[in-house]
Amino acid sequence: MAFTSVSNYAGKAAGFYISAALKQAVSLDYLTMIENVKFKSSIQKMDATVSPIAAATCDFTGAGTLALTEKVLTPVNNQINLDLCKATLLSSWEALQMRAGAGAPPPASFDDYVISYMGNIIGEATENSIWAGAADAAGDFIGFTGAGAAGWLRAGNDATVVQAVLTGGAGVAPVVGTIIADIQAGLDAVPSAVIGKDDLYIYLNQKNYQLYIQAISALGYLNAYNMQGEYVPMFNGIKVAVVNGLQNAAIVIAEKSNLFFGTDLLSDIGTAGTGPSIKLMDMSQLDGSDNMRMVARYSAGTQVGVGADCVLVS
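Take the sequence shown: its position 168, counting from 1, is numbered 168 in the working numbering, and each next residue is one higher.
Distance condition first, Cα-Cα at most 27 angstroms in a straight line; then the derived DSSO-like pairs of lysine-lysine:
id	residue 1	residue 2
1	Lys239	Lys256
2	Lys71	Lys197
3	Lys38	Lys71
4	Lys256	Lys207
5	Lys256	Lys71
6	Lys256	Lys197
7	Lys279	Lys38
8	Lys239	Lys207
9	Lys71	Lys40
10	Lys40	Lys279
11	Lys197	Lys239
12	Lys197	Lys207
13	Lys38	Lys256
14	Lys86	Lys279
15	Lys40	Lys256
Across the chosen pairs, the derived CB separations fall in these ranges:
id	residue 1	residue 2	range
16	Val172	Thr57	56 to 62 angstroms
17	Thr160	Ala181	23 to 29 angstroms
18	Gly62	Ile216	48 to 54 angstroms
Please keep in mind that the hints were generated in silico from the structure rather than gathered at the bench. For glycine and all other residues, C-beta sits at the position ideal for the given N, C-alpha and C.
Please build the complete structure, drawing on both the sequences and the hints.
If you want it as structure tokens, here you go:
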């Protein structure tokens, strides 16, 4: 008897799934998320370029200047259209069904297993684009440190962003012997007005974070071989955000409230009226094949508020 699966995920289940898939991008924990962006979102930040505080008088005397800066975040609509033979994932799912041990969690249905498979694809692609995305096309969107002039933090895109050079030279990824100097170079360049902000982070990818742990362990600051309890990554009092999509030859120092990610998670009605955001369909009942067709739609995009408050070491 052939394996059959009849499923059509729609409505609320679709919206929740896309939300969970996007949130597999770990960087979102360290970004300001704007939801329900149907087309564009205007990001506004106000700054007193001239202090409005003046000596008291009996008269009304205007003083100070407020500057309003505005950036536009435009999420890119992406989709996944995928035909997958059920046999490709069925063996792995069956192994999960037969997991040994009385305390083993209940196995997921095959449909849930396939949904999880797609979630990993969306999460990984989103994580990579958040940082290294180079264009609003072909399933990608412009990221913070996209190559060349594409990235929002690159000098060719925003000349106000503070730029610092890695110890080994521009584009040369850190090593154990240079990682501390590379982070310090970025910290030295942080504007004084930003230092001390509660949401200021040093953004490192997994590899550079491991280099940092090795470096401070060698200096005797941390016993990384037997870490006990919950360790909070920090450098000179500044919290470290460990993210996956950031390139090896890039370190970012910025406020969480100044780096934005936009999406439309409330996508029950789909994009441009095309229907629910995700569907999982068994094609055996339609064309006699052993394929499952997966269709997903979601939107994602990034933007920086005030470039002058951010530092890119690259």
